[in-house]
Amino acid sequence: MDVLIILVPYILRGLKITLSVTAVALSSGLIFGCILAILRVYGGKWLSRAITVYTTVIRALPHILLLLIIYFMIARVIDLTPFWAGSLALAIISSAYQAEIIRGAIQSVPTGQMIAARSIGMSQFRAIWHVVLPQAFRHAIPPWSNEAAIVIKDSSLVYVLGVPEILRQAQYYSARTYQPFLAYITVAVIYFMLTFLTNRGLDALERRVHIPA
Amino acid sequence: MDNHNLKTIVKLEDIHKAYGDVEVLKGITMEVTEGEVVVLVGPSGTGKSTLLRCINQLTIPDRGRVWLEEIELTDHKTDIDAARRHIGMVFQDFNLFNHLTALGNVTLGLTRVLGMHKEEAHQKAMQELERVGLEDKWMNYPGQLSGGQKQRVAIARSLAMDPVVMLFDEPTSALDPELIGEVLLVMKDLALGGMTMVCVTHEIGFAREVASRIVFMEHGVIAESGTPEKMLKNPDLPRTKQFLGKISDLH
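Chains as they are written, first to last, in my numbering: chain H, 1 to 213; chain P, 1 to 251.
Derived by calculation from the structure, the hints in this document are not laboratory data.
It should be emphasised that the depicted structure is a prediction, and the values quoted were computed from it without experimental measurement.
There could be a bad hint or two in this list.
Claimed, not checked - Below, a sample of chain P positions facing chain H; criterion: calculated Cβ distance under 10 Å:
id : residue
1  : Arg-53
2  : Leu-58
3  : Ile-60
4  : Gly-64
5  : His-76
6  : Ala-82
7  : Met-89
8  : Leu-108
9  : Trp-138
10 : Pro-142
11 : Gly-143
12 : Ser-212
Here a beta-carbon is modelled for each residue, glycine too, at the ideal position from N, C-alpha and C.
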């Protein structure tokens, strides 16, 4: 019982950081990914090519390597805490994957939707916002759910920057109590629950916004 | 018909359009006056749909000029989004917004383009759905409507913007034969109500009953045009007679 009482504060402290890193990485990655996807599809030849290079390079490299590269690049320019630098690095990595997910979803919306929107006098921006994206987001939920699971797990990578997220906390704990098995199993259960609940939540969202046919 | 006192709604002047090496439109000049119903016919690939899309600039002509009333749409200074509000367009494959109900489809332009308040837009949209006989389907999504119903919602969506001209791009070509009638009925009502219309269609019955003019296009030019009476009974060109004869037999 004593070991558990000692473990809980470690885990809670770490969980808070893990959730924060994930939230920052996923949401900034979504916003950045959306902008990239829209520019990739509607931004013309050169912009589209530049974005393709960006997403291709990022998706080709190990996340941990990118994290280190981006961290040291960010650290040179601005003085950020390891927490923010790590979260933003994960956001940049995720944005490449999310951009591809959203691009695919945008391209799965029939072109007639855009044409019809323009024909009633909508600007291209409004047509994207009110007609294309609402449909694209619905298509994007299943692959996005997958990406969310990956980002939850990738949040553990900020460990290498010394950010005390849940895995590092477990390590502190096991160093203090010599109970590594308990610590790591607890962390495993928590990662599982986070991923499972997130995917379930997104499944529910998918059903809720399903278009009746 | 004496058109001298009537306003010109659409004017096309020497419209050219090529896709790669294929010249689809080779100099089309045409005017549509207020209340006129112009039916464009011709073999497929002769540029009828392209011509229609040049009117609202969904396709930008390579050469030539287009006017909507006094506004030159081909002028780079013209706000084309603003001009398109006044040009209704109905597509072969309906293109209803899939994520919105019938009501939502009609309302979207009213709120997001014209800036109407929600309640006012709903009221107006319900009137338009009533006009096409679908007021009881307002809550249905496109996936829950038949082809004919979809097309009528699409017509209501265009009409809600109070257009000065309606363009129809083969509005019945994607429909099952038994659903064509309901769409044609709505189009006839519109025509008889004085709406200015340009229709690409091979529905000769519709043309005979309500067209002011039939325009026969072939190989990217207007081969011949005239009243339905003249075009269907004794056109100048044997080719016109042959083509219209063929599609009359079909319908």
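Outcome of the hint check:
Hint status for Arg-53 (chain P) relative to chain H: holds, with the closest Cβ pair at about 9 Å, below 10 Å. A distance limit of 10 Å between C-beta atoms decides the matter here; for Leu-58 (chain P) the minimum to chain H is near 6 Å, and the interface restraint holds. The closest approach between the C-beta of Ile-60 (chain P) and any C-beta of chain H is roughly 12 Å, which is over the 10 Å cut-off, so the hint fails. The beta carbon of Gly-64 (chain P) is not positioned within 10 Å of any beta carbon in chain H (closest approach about 20 Å), and the interface hint is therefore violated.
Evaluation of the His-76 (chain P) hint against chain H yields a violated restraint, the C-beta minimum of about 16 Å exceeding 10 Å. About 7 Å separates the beta-carbon of Ala-82 (chain P) from the nearest beta-carbon of chain H, less than 10 Å, and the hint is met. Using the Cβ-Cβ criterion of 10 Å, the hint placing Met-89 (chain P) at the interface with chain H is satisfied: the shortest such distance is roughly 4 Å. Evaluation of the Leu-108 (chain P) hint against chain H yields a held restraint, the C-beta minimum of about 6 Å falling below 10 Å.
Because the closest C-beta pair between Trp-138 (chain P) and chain H is about 14 Å apart, greater than 10 Å, the hint is violated. Given the 10 Å rule on beta carbons, the hint for Pro-142 (chain P) holds: about 8 Å separates it from the nearest Cβ of chain H. Annotation: Gly-143 (chain P) was flagged as interfacial toward chain H, and the flag holds, the nearest CB pair being 3 Å apart, inside 10 Å. Because the smallest distance between the Cβ of Ser-212 (chain P) and any Cβ of chain H comes to about 24 Å, over 10 Å, the interface hint for this residue is violated.
The structure fails to meet hints 3, 4, 5, 9 and 12 from the earlier list, while all remaining hints are met.
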